[in-house]
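K.L.:
Protein chains in written order, with the UniProt record's numbering: chain R, 1 to 416; chain C, 1 to 287.
Treat the hints with caution; some may be incorrect.
Here are the computed lysine-lysine pairs in the DSSO-like style, where the Cα-Cα straight-line distance is at most 30 Å [stated by the list, open to error]:
{"#": "1", "chain 1": "C", "residue 1": "136", "chain 2": "R", "residue 2": "208"}
{"#": "2", "chain 1": "R", "residue 1": "192", "chain 2": "C", "residue 2": "136"}
{"#": "3", "chain 1": "R", "residue 1": "208", "chain 2": "R", "residue 2": "84"}
Label pairs and their computed distance ranges (CB to CB) [stated by the list, open to error]:
{"#": "4", "chain 1": "C", "residue 1": "39", "chain 2": "R", "residue 2": "389", "range": "37 to 47 Å"}
{"#": "5", "chain 1": "C", "residue 1": "56", "chain 2": "R", "residue 2": "158", "range": "47 to 57 Å"}
{"#": "6", "chain 1": "C", "residue 1": "203", "chain 2": "R", "residue 2": "250", "range": "48 to 58 Å"}
{"#": "7", "chain 1": "R", "residue 1": "200", "chain 2": "C", "residue 2": "119", "range": "26 to 36 Å"}
{"#": "8", "chain 1": "R", "residue 1": "103", "chain 2": "C", "residue 2": "56", "range": "30 to 40 Å"}
{"#": "9", "chain 1": "R", "residue 1": "370", "chain 2": "C", "residue 2": "75", "range": "51 to 61 Å"}
{"#": "10", "chain 1": "R", "residue 1": "235", "chain 2": "C", "residue 2": "75", "range": "23 to 33 Å"}
{"#": "11", "chain 1": "C", "residue 1": "39", "chain 2": "R", "residue 2": "120", "range": "19 to 29 Å"}
{"#": "12", "chain 1": "R", "residue 1": "167", "chain 2": "C", "residue 2": "263", "range": "44 to 54 Å"}
{"#": "13", "chain 1": "C", "residue 1": "271", "chain 2": "R", "residue 2": "292", "range": "47 to 57 Å"}
{"#": "14", "chain 1": "R", "residue 1": "207", "chain 2": "C", "residue 2": "271", "range": "38 to 48 Å"}
{"#": "15", "chain 1": "R", "residue 1": "97", "chain 2": "C", "residue 2": "39", "range": "44 to 54 Å"}
{"#": "16", "chain 1": "R", "residue 1": "250", "chain 2": "C", "residue 2": "271", "range": "30 to 40 Å"}
Think of the hints as simulated: they come from the structure by calculation, not from any bench. Just so it is clear, CB atoms sit at the ideal spot from N, CA and C, and this is done for glycine as well.
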Amino acid sequence: MFPTNKPDPALLRGLTSRRLGRRDALRLGGVSALGAFLAACGVQGKGSPEASVAPDAVQKFWGGKVKNGKVDFANWPLYMDPKKPELAKFTARTGITVNYQEVIQEMGPWFAKVQPQLSAGQSIGFDLMVITNSLQFGQFRSGGFLAPLDHSKLPNYAANAAKSYANEAFDPGNVFSIPWASGITGIAYDIKKTGREITSLADLWDPKFKGKVGMFSDTQELANFGLLAAGLKPGDSEEGDWKKAAAKLKEQKDAGMVRNYYDQSYVDALGKGEVWLTQAWSGDVFQKNVSDGTDFRFVIPSEGGTIWTDNMTIPVTATNPVDAIMLMDFFYEVENAAALAEYINYVCPVPAAQAQIKKDAAAASGDDRATLTEVADSPLVFPGESDYAKLHYYVDFNTAEEQQNFQRIFEPITLS
Amino acid sequence: MNRVKRTLAPYLLVLPGGLWLLLFFVVPMVTMFSLSLQQGDIINGYRFTGHWQNYLDAITDYRVQLIRSLVYGLITTVALIVMSFPVAYWIAFYGGRRKPTYLFLVLLPFFVSFVLRTISWRQILTDDGMLLHPLKEAGLLSPGFHILGTPYAVIFGLIYNFLPFMVLPIYVALERIDPRVVEAARDLYAAPMTVFRRVVFPLALPGVFAGVLMTFVPASSDYVNSGVLGSSSTTMIGQVVQAQALANSNYPMASALSFFLMAVLLTGVFAYARVLGTEDVMNAAAR
Numbered sequence: 001m002f003p004t005n006k007p008d009p010a011l012l013r014g015l016t017s018r019r020l021g022r023r024d025a026l027r028l029g030g031v032s033a034l035g036a037f038l039a040a041c042g043v044q045g046k047g048s049p050e051a052s053v054a055p056d057a058v059q060k061f062w063g064g065k066v067k068n069g070k071v072d073f074a075n076w077p078l079y080m081d082p083k084k085p086e087l088a089k090f091t092a093r094t095g096i097t098v099n100y101q102e103v104i105q106e107m108g109p110w111f112a113k114v115q116p117q118l119s120a121g122q123s124i125g126f127d128l129m130v131i132t133n134s135l136q137f138g139q140f141r142s143g144g145f146l147a148p149l150d151h152s153k154l155p156n157y158a159a160n161a162a163k164s165y166a167n168e169a170f171d172p173g174n175v176f177s178i179p180w181a182s183g184i185t186g187i188a189y190d191i192k193k194t195g196r197e198i199t200s201l202a203d204l205w206d207p208k209f210k211g212k213v214g215m216f217s218d219t220q221e222l223a224n225f226g227l228l229a230a231g232l233k234p235g236d237s238e239e240g241d242w243k244k245a246a247a248k249l250k251e252q253k254d255a256g257m258v259r260n261y262y263d264q265s266y267v268d269a270l271g272k273g274e275v276w277l278t279q280a281w282s283g284d285v286f287q288k289n290v291s292d293g294t295d296f297r298f299v300i301p302s303e304g305g306t307i308w309t310d311n312m313t314i315p316v317t318a319t320n321p322v323d324a325i326m327l328m329d330f331f332y333e334v335e336n337a338a339a340l341a342e343y344i345n346y347v348c349p350v351p352a353a354q355a356q357i358k359k360d361a362a363a364a365s366g367d368d369r370a371t372l373t374e375v376a377d378s379p380l381v382f383p384g385e386s387d388y389a390k391l392h393y394y395v396d397f398n399t400a401e402e403q404q405n406f407q408r409i410f411e412p413i414t415l416s
Numbered sequence: 001m002n003r004v005k006r007t008l009a010p011y012l013l014v015l016p017g018g019l020w021l022l023l024f025f026v027v028p029m030v031t032m033f034s035l036s037l038q039q040g041d042i043i044n045g046y047r048f049t050g051h052w053q054n055y056l057d058a059i060t061d062y063r064v065q066l067i068r069s070l071v072y073g074l075i076t077t078v079a080l081i082v083m084s085f086p087v088a089y090w091i092a093f094y095g096g097r098r099k100p101t102y103l104f105l106v107l108l109p110f111f112v113s114f115v116l117r118t119i120s121w122r123q124i125l126t127d128d129g130m131l132l133h134p135l136k137e138a139g140l141l142s143p144g145f146h147i148l149g150t151p152y153a154v155i156f157g158l159i160y161n162f163l164p165f166m167v168l169p170i171y172v173a174l175e176r177i178d179p180r181v182v183e184a185a186r187d188l189y190a191a192p193m194t195v196f197r198r199v200v201f202p203l204a205l206p207g208v209f210a211g212v213l214m215t216f217v218p219a220s221s222d223y224v225n226s227g228v229l230g231s232s233s234t235t236m237i238g239q240v241v242q243a244q245a246l247a248n249s250n251y252p253m254a255s256a257l258s259f260f261l262m263a264v265l266l267t268g269v270f271a272y273a274r275v276l277g278t279e280d281v282m283n284a285a286a287r
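Okay, chain R solo, but in the shape it has when bound:
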């Protein structure tokens, strides 16, 4: 996401910023005392970009690290069976206890929350965190906040992961991350309220649903739908396109269509009838229906949806990295990957899990059997070629400046 040949910012700073000489300081006297103090309050540069890709980085990080018997795991809500059978199995087998916390609701706030500790070299209290391939992934990476993975500790991943994941633009070769699950951003709706099938992005602009539409507050998610609605492709969009998309989204907002811009809380808003149709992540509706008996639907709009990947990563300051990487690899055993996909209904990174789920379905009976068969055949869990054709990748940023411009274009929509 960022150019890799960027010079060390500390060096740049030293070359370009004006220093206050001793004589200057004396001459300016009392006035400058406050000024100098103010200047001293500057926020330090965060880490050294890309430093950890060095060839010996893996050895440097993992050398001398040992298993400690516990791991603190930060994940998003609705991303595991609440009874956590997989974790119990992991603990029974390895003796490692897992402290599983659903603390991540949106990428921006999560980055802002842990960034100060990471840049101070302190533990964030978690050894494993699941982060999306959004622009914050780039920030985590270029901040040098992610531990390079020791792939010799990931045999199941090597054996079972779909090969395409190693080619994803945000982390080629899976140096810092391996997928937890992928997902599709589409539209969820309550057909009892809308009174009709929702098929297209245009429905999000339909005056009939004024004040009942939910959109995401994450700028990238929001921008993607604006771009698609304006007939543009997020993956190769530029600043001019962003402005068009922003205008389209502004129009939707000014017409009073949007009830609110949500993080993960959109599921709750849909459940309470505050929104009738909303931007949504593919697996959430499935789980909501299973756990609350609701009848919400999810659709990939005819104009297309977006696909993203949530990734397991280890923060550089993790205190139990060995335990964390063992847990990461554990989820790549076919059986465990299948169990997870059966519950969360997100795109499974392990293709062989499909056969396993079918086997589980054959062994089950009644409702369970129907649900499992549905999961195994679901294009939302195991998308085929034709499904991928409808899906778009996120906006790609070439420079940090581009990314800032992007933010400045879309932030005012959610914030005003």
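Dock chain C against the given chain R, drawing on the hints supplied.
P.N.:
Same frame as chain R, but now just chain C:
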């Protein structure tokens, strides 16, 4: 020796509190002020460049939310005065032996967390909740009708959450009024309304002023009520500051907005004190 002690005593007494303020108030304020004049981004760091443009950017980008916050704050404060005065009056003059009980009742909801109280209102007012669902089922309201997400819901939440901060100072002011002053007014043939208008109300004004200080300022910069009960069309400046600081890591923008808001609120409060004329701001704040 004694004299030295006597001169030093006040300073020594101020020392613990003073150090506390210096450490936890002055230092952060200066840091924030410095931040508001810095440039850069989170990865490469922010540097002090005396960048006043931050203020201009902040105000141009978010003037709508600034004005909205002040308007909400003002409506809330006026509504609070109107609602609190009768309550405080009744407790002060007719509360009798039970005064402490009534005051306790006013404060009772505050034993539950601020955020939790607001969220529970969200449960009650939500589109398909216990209040609206039956009315919609009965066909009295259209299915699309909602209270949440409107300015009414946000202002309602602000009034609810700040009520005691207006009742208590007004009560204290009323309680201090010497009953003989009221009797004297009556003896001089003042009608009950005149007694209230010319005697009781002016004497209660310092309490009203203290109440305004304690409600207008926090209500204008509140972000919980709008976040929980509001929508994208009720965003207040507190939410913008929160998002800029905690979600976007744009510390300079967040600091610039905070300082501008502080300047506006201080100006407003001092202007109000000047118009009111009767009371010194610092004096009122000290009550």
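K.L.:
Which numbered hints does this structure break?
P.N.:
3, 10
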